[in-house]
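A.B. asks: Spelled out, the chains give:
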Amino acid sequence: MRYLPHTDQDIKEMLAKTGYNSLDDLFPTIPKSYRVKKEMCLPKPLTEWELNAHMAELSSKNASTSSHKVFIGAGSYPHHIPSIIPYLISRSEFMTAYTPYQPEISQGTLQGIYEFQTMITELLGTEVATASHYDCGTALSEALMIALRKKKKQNKVAISSLVHPHHRQIVKTYLEPAGYQMVELPSKPDGTTDLSPLDTMDDIAAVAVQSPNFFGCIENLGKVKEIATKKNIFFITSFTEALAYGLLKNPGHFGVDIVAGEGQSFGIAQSFGGPGLGIMTSSKQYVRDLPGRLVGRTKDRRGEDGFVLTLSTREQHIKREKASSNICSNNGLNAMTAAMYMATLGKVGIRKIAQINHDKAMFLKTKLEETGFKVPFATPFFNEFVVKAPDGFEAKRESVKKRGIVAGLAIEKYYPTLKNHYLFCATEVFSKDDIEMLARELK
Amino acid sequence: MEEHIANTCRGGVQKCHNTHQTATSGLIFKESFLWGKSREGRCAVSIPAQDVEESLLDPELTADAPELPQLSEMDVVRHYTRLSQWNFGVDSGMYPLGSCTMKYNPKTNEVQAARPGFSGAHPLLDEDLCQGALEMIYNLEQYLAEITGMEAVTLQPAAGAHGELAGMLAIHAYHAKTGHQRSKIIIPDTAHGTNPASATLCGYESINIHSGEDGILTPEAVAAVMDEETAGIMITNPNTLGLFEESIKEIADIVHAKGGLVYGDGANMNAIMGIVKPGDLGIDVIHLNLHKTFSTPHGGGGPGSGPIAVVKALEPFLPVPRVEKKDDRYTLVYDKPDSMGRMLTFHGHFSILVRAYSYILTMGAKGLTDVSKLAVLNANYIKESLRGDLHLPYDRPCMHECVFTDKFQADNGVSTLDMAKRIMDYGFHPPTVYFPLVVHGAIMIEPTETESKETIDQFIGAFKSIVQEAKENPEILKSAPHLAKLSRLDEVSAARKPVLRG
Numbered sequence: 060m061r062y063l064p065h066t067d068q069d070i071k072e073m074l075a076k077t078g079y080n081s082l083d084d085l086f087p088t089i090p091k092s093y094r095v096k097k098e099m100c101l102p103k104p105l106t107e108w109e110l111n112a113h114m115a116e117l118s119s120k121n122a123s124t125s126s127h128k129v130f131i132g133a134g135s136y137p138h139h140i141p142s143i144i145p146y147l148i149s150r151s152e153f154m155t156a157y158t159p160y161q162p163e164i165s166q167g168t169l170q171g172i173y174e175f176q177t178m179i180t181e182l183l184g185t186e187v188a189t190a191s192h193y194d195c196g197t198a199l200s201e202a203l204m205i206a207l208r209k210k211k212k213q214n215k216v217a218i219s220s221l222v223h224p225h226h227r228q229i230v231k232t233y234l235e236p237a238g239y240q241m242v243e244l245p246s247k248p249d250g251t252t253d254l255s256p257l258d259t260m261d262d263i264a265a266v267a268v269q270s271p272n273f274f275g276c277i278e279n280l281g282k283v284k285e286i287a288t289k290k291n292i293f294f295i296t297s298f299t300e301a302l303a304y305g306l307l308k309n310p311g312h313f314g315v316d317i318v319a320g321e322g323q324s325f326g327i328a329q330s331f332g333g334p335g336l337g338i339m340t341s342s343k344q345y346v347r348d349l350p351g352r353l354v355g356r357t358k359d360r361r362g363e364d365g366f367v368l369t370l371s372t373r374e375q376h377i378k379r380e381k382a383s384s385n386i387c388s389n390n391g392l393n394a395m396t397a398a399m400y401m402a403t404l405g406k407v408g409i410r411k412i413a414q415i416n417h418d419k420a421m422f423l424k425t426k427l428e429e430t431g432f433k434v435p436f437a438t439p440f441f442n443e444f445v446v447k448a449p450d451g452f453e454a455k456r457e458s459v460k461k462r463g464i465v466a467g468l469a470i471e472k473y474y475p476t477l478k479n480h481y482l483f484c485a486t487e488v489f490s491k492d493d494i495e496m497l498a499r500e501l502k
Numbered sequence: 003m004e005e006h007i008a009n010t011c012r013g014g015v016q017k018c019h020n021t022h023q024t025a026t027s028g029l030i031f032k033e034s035f036l037w038g039k040s041r042e043g044r045c046a047v048s049i050p051a052q053d054v055e056e057s058l059l060d061p062e063l064t065a066d067a068p069e070l071p072q073l074s075e076m077d078v079v080r081h082y083t084r085l086s087q088w089n090f091g092v093d094s095g096m097y098p099l100g101s102c103t104m105k106y107n108p109k110t111n112e113v114q115a116a117r118p119g120f121s122g123a124h125p126l127l128d129e130d131l132c133q134g135a136l137e138m139i140y141n142l143e144q145y146l147a148e149i150t151g152m153e154a155v156t157l158q159p160a161a162g163a164h165g166e167l168a169g170m171l172a173i174h175a176y177h178a179k180t181g182h183q184r185s186k187i188i189i190p191d192t193a194h195g196t197n198p199a200s201a202t203l204c205g206y207e208s209i210n211i212h213s214g215e216d217g218i219l220t221p222e223a224v225a226a227v228m229d230e231e232t233a234g235i236m237i238t239n240p241n242t243l244g245l246f247e248e249s250i251k252e253i254a255d256i257v258h259a260k261g262g263l264v265y266g267d268g269a270n271m272n273a274i275m276g277i278v279k280p281g282d283l284g285i286d287v288i289h290l291n292l293h294k295t296f297s298t299p300h301g302g303g304g305p306g307s308g309p310i311a312v313v314k315a316l317e318p319f320l321p322v323p324r325v326e327k328k329d330d331r332y333t334l335v336y337d338k339p340d341s342m343g344r345m346l347t348f349h350g351h352f353s354i355l356v357r358a359y360s361y362i363l364t365m366g367a368k369g370l371t372d373v374s375k376l377a378v379l380n381a382n383y384i385k386e387s388l389r390g391d392l393h394l395p396y397d398r399p400c401m402h403e404c405v406f407t408d409k410f411q412a413d414n415g416v417s418t419l420d421m422a423k424r425i426m427d428y429g430f431h432p433p434t435v436y437f438p439l440v441v442h443g444a445i446m447i448e449p450t451e452t453e454s455k456e457t458i459d460q461f462i463g464a465f466k467s468i469v470q471e472a473k474e475n476p477e478i479l480k481s482a483p484h485l486a487k488l489s490r491l492d493e494v495s496a497a498r499k500p501v502l503r504g
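Protein chains in written order, with the working numbering: chain A, 60 to 502; chain B, 3 to 504.
Some hints could be false.
Derived CB-CB ranges, DEER-like [said to hold, decoys possible]:
id, chain 1, residue 1, chain 2, residue 2, range
1, A, Q344, B, P61, 27 to 37 Å
2, A, K447, B, D93, 48 to 58 Å
3, A, K103, B, A65, 54 to 64 Å
4, B, E222, A, K91, 21 to 31 Å
5, B, S495, A, E471, 55 to 65 Å
Rather than coming from a laboratory, the hints here were simulated on the basis of the structure. By construction, the Cβ of each residue, glycine as well, lies at the ideal position given by its N, Cα and C atoms.
Sequences and hints are given; from them, build the entire structure.
C.D. replies: Here it is in structure tokens:
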């Protein structure tokens, strides 16, 4: 076996040193009755050729951005990944390192994450960012739990029903066993959150709104801030499309307390939804409440600048049951990927690509409208939007699948009143021809 | 003065102990921050053609572009290449971090994960368009169930701690459904910090118990605290001292008799694949770290993957959706009324799952069993080779890792930290230090099965040299490392006045 370097001679010599007669004898502390009696039932080992063939076959059973035009976002977005990103992130010094607990020989990871933290705060207008979380849904859950811990007297949070449905499911999974409750805010006819129920809620610790929201609509974060301030509750926002903030006013502009976001759009492959990148960022006052790792700047004994993991007294390996979170492994390599992506695009590139995303989505909207689709929500959007499909669309959608087109995502299963409504997305990877072909096929 | 010691030491190391030293100094570049290299107007990305009309949003909604650094493509490439050279990875050298299983990460796994049908698949594709992904998930769940001896597996949890949380939520949901909710959970003092932190998230109070004199738990200690308000126990087996919990079954019986459940922390699964199955030991739910046992890269801190495997009674509580197979078609099933809910936005860390799946298919049953045997052989070999040089607090047969302390070196004023920093100069990543917490000055060595005898002999030689240096010239250790890019960093001021962005 090519991953196991031991020769028979090595094994013999090593056994002699340890005083055992055979490899099977190496487990004297495991009572015989516990030992596995027969070999595990697993497929026979594959050579690399056989593995390649098997995996090629499995992978060919999926529609992907290279075989299909998938006009779906909804939390996972098709974007162009510049060649240098997979090339650089594959450097094994990054990929095969552990968490940088030994900073003298981990400065590459540490500076890279420090730069990530810096660029994320610049992008979102906040003051501190963690070294990453798993994904937006888990980051949002933890953001709400910060609010609940800070506002000890409250045990409820209000969350927009236009936050990604899966994120709301995660929040519920996290909150309920801990004895907390989440109340959903309904939507308005314009596709944004109805904030009016907040007027009568006097027992909540936080309000959370996603912008752009699940329908793609840009929320009025200024209004949310106004209410949060008046009620003295946490103002939390989330987002699934990080690229939108190449164009839109960022959450910091609106005085947000904590932002939970998804960074998949920044150079990370969609990979059937994971791993993504949980972004967690806030104003400075909550730095000691944030879950997970933070990289800080310091000096070494010779006075040279360097970086370490810091403020770890918040974390589970020090605080154990009193820690602010149980998170240990995060999505650090994807944070590094996102940093590479932000550095590659830069100030000029992120603006241009964000604008093109909006242009393509507007073009797609126009084309779909020409094809008989209705746009129910008038609120501006970034690169995805909801349409009501004309009669007979469902069958048409099935038939165009055979021609390599996936025409939007049905959202009725998430919003039962929105029968025949679909969420469509267009990004810079779709050409004018692609969009026109979609419209043609759907006619 | 500092400089002088460093110079002496470099010469000294090379002269005295060159056979054990696998490192030398080399050309390390300085590299500024990204923004230090930025020049107005540079851009490293190919901008797509503007083939549709520009459509401007209401200026009320937009702002100026974020001040991201402006660089050329070469600037970005050189920046990250230089940064990478400041790092130590498994591909650079032996990385014997106890409890972390830093084994070789096979490169074919990267090739498999990068196949367009996997890397380019949207998570919300219609089921008929993602059969390959669902089949992979289904198969991997089966394999992990077989390896652990459990009934069902979910691949949703994103990391080990996330798997622990999922496991605790399963236990929480079980008690809510079948009896009454309980308020406490038993956690041994050798547990990873994530265990009590995960239990707290479910609202459980941690009841800490001590391991016995020989480093393992006694049934008596568990019986003394187990009652009908206790949800169960979180137990790591092999434990973090590298010892097999010999009384695991009696302990499980005690917990079960009072209606509790046994959570197994599978961080140390690398010691027992094909040797024992947690499902045969009375464990009800166990998480696995695919980034430890199943060879996926740690990525400088993540992403990992932390599936959980459960007994039949806990299956209804697993997160949704579940992947089921009907007549050769794979389908996502949401209708599980007792499910804990959802742990992650989509289907777990899918590309990590592809890597672990490739690893299992490459190794097969015998291969995985050999992995555990050789991991245990390597650890015992190190234990026997360094006994006498380093203090061995629990002198028992170890599993895949062994724990020493700095007791013998303390008289010379040399600590575990000093030895850890010094071994960097010999070209090795330090072992895990000061964990488990129950051992004063712990040095926890986990070589893994992928290190050869020669490498391990070099590591042993390096440690013996360091032990010698501790007697003769402790200052070399206290001022170590000397060959790394930086000397020891000031963690105290970093925490006192945090600077977290540039």
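A.B. asks: Would you list, in rising numerical order, the hints stated earlier that this structure does not obey?
C.D. replies: Structure breaks no hint.
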